[in-house]
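Please put together the full structure from these sequences, using the hints given.
What follows is each chain in one-letter form.
2 protein chains.
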Amino acid sequence: MFDSVRLPHKLAKPEYEALLEPMRERLLDAQFELAERKSKAILLLIEGSDAAGKGDALNRLYEWLDDHHLDTLSYGAPTDEERERPLEWRYWRDMPAKGRIGLVLGGWHHRILRERLEGDLDRGAFEAALDEINRAEEMLSFEGVVVVKVWLHVEDDVAEKRLTKLREADGGIRRAEVIEWDDVKSAKGHAKLRRAAFELVEKTSTGVAPWSVVAAEDARYRDVAVAQLLLDALDRANDGPAARAPIPPKPTEPSLGLPRASAIRALDLGNRANPDAYSRQLRELQQRVSELTTSKAFERRGLVLAFEGNDAAGKGGAILRVRAALDPRRFRVRGVAAPTDEERARPYLWRFWRNVPRLGHAAIFDRSWYGRVLVERVEGLCTREDWMRAYREINDFEHQLTRAKLCVVKFWLAIDQNEQLARFEDREKRAAKRYKITPEDGRNREKWPLYEEAADEMIDRTSSPESPWTLVESNDKKYARLKVLRTIVGRLENALG
Amino acid sequence: MFDSVRLPHKLAKPEYEALLEPMRERLLDAQFELAERKSKAILLLIEGSDAAGKGDALNRLYEWLDDHHLDTLSYGAPTDEERERPLEWRYWRDMPAKGRIGLVLGGWHHRILRERLEGDLDRGAFEAALDEINRAEEMLSFEGVVVVKVWLHVEDDVAEKRLTKLREADGGIRRAEVIEWDDVKSAKGHAKLRRAAFELVEKTSTGVAPWSVVAAEDARYRDVAVAQLLLDALDRANDGPAARAPIPPKPTEPSLGLPRASAIRALDLGNRANPDAYSRQLRELQQRVSELTTSKAFERRGLVLAFEGNDAAGKGGAILRVRAALDPRRFRVRGVAAPTDEERARPYLWRFWRNVPRLGHAAIFDRSWYGRVLVERVEGLCTREDWMRAYREINDFEHQLTRAKLCVVKFWLAIDQNEQLARFEDREKRAAKRYKITPEDGRNREKWPLYEEAADEMIDRTSSPESPWTLVESNDKKYARLKVLRTIVGRLENALG
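Chains as they are written, first to last, in the working numbering: chain A, 188 to 684; chain B, 188 to 684.
Because the hints were derived from the structure by calculation, they are not lab data. As the structure is a prediction and not an experimental result, all values here were calculated from the model. Any given hint could turn out to be false.
The list makes no distinction among identical chains, and a pair is therefore deemed to hold if it is satisfied within one copy or across any two copies.
[Unchecked claim] EDC-like mimics (lysine to aspartate or glutamate), calculated; alpha carbons at most 16 Å apart, straight line:
#, residue 1, residue 2
1, Lys348, Asp455
2, Lys379, Glu680
3, Lys285, Asp528
4, Lys592, Glu250
5, Lys634, Asp190
6, Lys616, Asp426
7, Lys616, Glu563
8, Lys225, Glu530
9, Lys483, Glu204
10, Lys664, Glu653
11, Lys592, Glu478
12, Lys285, Asp422
13, Lys664, Asp583
Written out as structure tokens, the structure reads:
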């Protein structure tokens with residue numbers, strides 16, 4: 188989930204300063220309109236790693252916004268007054284009126300995460316508590332309160348350095364913010380915190396109130412990114428541009444001009460296979476896949492492969508190399524084109540459910556259930572609400588597969604635009620392959636940035652420890668094929684123990 | 188929850204026969220329109236007590252509907268094919284296409300209930316599983332599948348008799364339907380089943396897919412009631428009368444003319460207090476309330492009283508008698524009139540949350556958070572979706588209060604229309620009370636049947652073991668006041684141990 192947050196996210200001082208004035212102006216305009224309309228309230232929740240600068244981010248918003256219409260909702264250990272009432276009371280007491288923005292520190296998620304870490308909640312109770320949160324936020328959304336959830340992330344080593352500094356600066360006094368860290372500083376505690384936080388972000392990212400994870404190491408980037416998220420929410424609440432996205436949407440410039448970190452663009456597409464070793468390596472990997480999928484242990488497992496990627500990225504070729512390693516009686520390849528009448532008459536996941544393999548078998552999907560958040564999103568075939576809720580639905584779907592002992596392996600095959608053009612031209616030349624060129628190919632190229640943004644968000648929101656995305660640098664087809672096979676071998680070895 | 192199901196629900200043969208033809212015609216028309224439009228599918232889940240006649244009810248629908256557009260989705264122990272796939276696979280495989288109706292026996296709720304009873308799911312895991320169901324059904328609803336959930340109920344003694352008969356008839360062979368009963372036939376097992384079933388119905392009654400509980404002792408009533416629910420769903424799916432309810436709605440005739448069982452109408456309003464003993468009894472009860480609420484144990488508890496009822500039913504008078512028994516420093520009375528500007532600017536529960544008492548204190552609400560499902564529903568101040576989701580929201584709210592050690596006691600004060608008219612006239616005569624008559628009183632009288640239906644549904648959907656409704660026969664004010672006080676004493680004695 189949100190692996191892209193580990194990419195470098197920096198905003199140099201000159202760019203930051205160029206952004207500042209127009210950003211403040213837009214924030215103030217939007218805030219003013221919210222206050223005028225009085226039809227929505229906004230709750231901006233700032234959560235995240237300790238020492239990620241939650242308080243600093245909040246203070247910055249106070250600088251940038253008009254504080255007359257701003258409330259801080261900050262929660263530490265309950266006061267006497269709060270202790271004598273239901274836990275939820277303090278949040279309700281502080282509920283901002285329509286027209287106002289509430290900035291929340293240490294909110295309801297924080298409490299549940301803490302109880303989980305302190306061992307007060309077992310797995311089931313933890314999930315039930317998260318679902319109670321989801322229901323409450325859904326209710327708020329129906330009642331005109333827009334919930335914006337920001338998770339500030341810094342890596343452990345950065346956090347540890349900052350905390351050491353904080354402790355020294357405070358002369359040993361623990362700040363309210365520095366809560367869990369000291370309690371969980373053992374390696375085991377860290378791992379537990381990371382796991383629980385990850386799960387919290389996954390399970391409380393709903394269609395109406397998804398988390399956005401923001402890289403918080405660079406304070407300038409962090410603050411502008413938070414402001415950007417608030418501005419988008421304000422726009423939607425005010426029925427502004429973000430609410431009235433054209434269908435199909437135009438390529439989006441991040442509205443503040445903040446550069447978007449992209450896991451896909453960060454790939455080194457120069458990666459190449461050693462052409463001399465390729466055939467041997469391919470053969471060895473295929474041999475290993477074959478061994479694993481015909482092993483005794485595999486009979487109580489199964490394999491689900493999903494291939495997504497740019498047009499002409501080489502999905503077909505990669506799939507061919509995987510097929511060659513599998514027992515033909517035990518696998519099926521499913522090409523996912525436009526849905527049939529039968530499929531269109533049912534919920535979008537049906538066409539994939541009907542092709543879920545039985546134990547001991549494999550299914551290969553050439554394009555997959557991710558169509559909802561890729562092509563359907565970009566081409567405007569479904570509404571924003573539809574694709575926003577789809578992330579959670581897809582996570583549930585894959586969780587149900589994994590729970591049933593199926594190993595879910597997902598590939599994004601990435602090429603750059605030059606390579607794509609070259610491959611299109613090459614195809615045109617080779618008449619035999621002509622049928623593969625459809626008018627869509629051209630259209631999709633124009634929408635490259637939109638598809639890239641959708642794919643980046645998809646990867647962030649649906650990579651989980653049990654079914655992570657594998658990004659495959661595919662400008663060199665051989666490199667891509669070897670990486671695909673190597674990934675399958677690794678995942679299977681893990682799963683089969 | 189659904190206490191009204193224990194009322195006698197019978198349909199005599201002549202009435203049944205008079206209903207049959209028009210009902211079949213309407214069902215077939217609606218089914219035909221669904222098949223023509225192909226914009227929605229319907230899943231009708233038939234669950235409930237063993238021996239409630241789930242299979243019979245399903246067979247009846249096959250008689251009444253056109254079986255060309257009807258699918259049966261019946262699930263017992265998984266087949267070999269199903270066992271080798273994710274648990275959810277079999278439901279997906281059978282998903283009816285748009286235009287079709289699927290009748291589900293032994294569906295997803297059944298499995299979870301069984302796992303809970305067999306001890307495979309602890310409390311948290313049970314709740315998490317129910318929430319997974321809720322998410323799945325919400326997704327189906329977004330994707331054009333209308334989920335209608337019917338819970339057939341018979342009392343334990345009736346079930347036991349029927350099962351004995353079945354067992355004899357089958358010569359000792361257990362029918363597929365007779366599953367849990369034999370396993371849980373100890374008294375403890377029964378109680379556990381009842382509790383788990385109750386909780387399942389409460390927690391999976393969502394705004395998009397609420398349960399309807401149907402009294403199933405009388406087969407004629409049962410079958411027509413199920414048909415009625417299906418017809419309503421078809422109408423909504425076809426955008427028919429039920430979907431286009433006028434706002435404010437007209438008094439509803441149950442569309443098939445099936446008499447509606449009403450917990451409120453079943454009250455014996457002739458109940459009267461003994462006038463000679465009244466003063467003494469009142470004093471004694473007030474004394475007891477006073478003792479209990481000033482006890483040491485009460486300091487770690489609290490009391491939340493909600494009064495609802497017909498206009499002029501005597502809420503004010505009853506509240507006065509409760510107040511007299513309470514320490515004035517420790518309670519507040521909250522009259523709930525039209526919301527203030529401040530309140531209107533926030534979610535509807537906010538005005539109640541802000542008045543939640545602290546431990547050791549009491550709050551009395553003269554009208555309450557139930558306004559959403561009473562006056563707002565009947566006067567068309569919110570949409571059907573809004574009040575349908577409110578039941579679950581209110582159950583969550585009261586659960587949060589109860590979890591925080593507050594004792595929630597809810598009263599419905601009932602009078603009949605003659606008594607109400609007499610009281611209105613009496614008020615008019617007594618000029619001093621004139622200000623109490625508002626134009627709304629007259630309007631509300633016209634809508635009596637609508638308010639009654641709303642109140643009955645409210646009582647059914649929000650009575651829980653931890654915060655049940657108490658219905659108070661209030662034609663005799665003295666009787667009502669004593670019952671109110673006696674109820675408070677009983678609940679407090681229970682809570683304080």
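Going through the hints against the structure:
In this homomeric assembly, lysine 348 and aspartate 455 never come within 16 Å of each other (Cα to Cα): the closest approach is 30 Å inside a single copy and 73 Å across copies. Taking the shortest Cα distances, lysine 379 and glutamate 680 never come within 16 Å of each other, neither inside one copy (25 Å) nor across copies (43 Å). When the C-alpha separation of lysine 285 and aspartate 528 is checked against a cutoff of 16 Å, the pair qualifies only between copies, where the shortest distance is 10 Å, while the shortest distance within a copy is 45 Å. In this homomeric assembly, lysine 592 and glutamate 250 never come within 16 Å of each other (Cα to Cα): the closest approach is 52 Å inside a single copy and 42 Å across copies.
Taking the closest pair of Cα atoms, lysine 634 and aspartate 190 never come within 16 Å of each other, the shortest separation being 24 Å inside a single copy and 58 Å across copies. Taking the closest pair of Cα atoms, lysine 616 and aspartate 426 never come within 16 Å of each other, the shortest separation being 49 Å inside a single copy and 54 Å across copies. Neither within a single protomer nor between protomers do lysine 616 and glutamate 563 lie at most 16 Å apart by alpha-carbon distance, with minima of 30 Å and 68 Å respectively. For the homomeric pair lysine 225 and glutamate 530, the shortest alpha-carbon distance between copies (13 Å) is at most 16 Å, but the shortest distance inside one copy (43 Å) is not.
For the homomeric pair lysine 483 and glutamate 204, neither the shortest alpha-carbon distance inside one copy (62 Å) nor that between copies (63 Å) is at most 16 Å. In the homo-oligomer, the alpha carbons of lysine 664 and glutamate 653 never lie at most 16 Å apart, since the shortest distance is 27 Å inside one protomer and 64 Å across protomers. Proximity of lysine 592 and glutamate 478 under a CA criterion of 16 Å is satisfied in neither setting, with 19 Å inside one chain copy and 60 Å between copies. In this assembly of identical chains, the alpha carbons of lysine 285 and aspartate 422 lie at most 16 Å apart only when taken from the same copy (15 Å versus 36 Å across copies).
In this assembly of identical chains, the alpha carbons of lysine 664 and aspartate 583 never lie at most 16 Å apart, being 33 Å within a copy and 55 Å across copies at closest.
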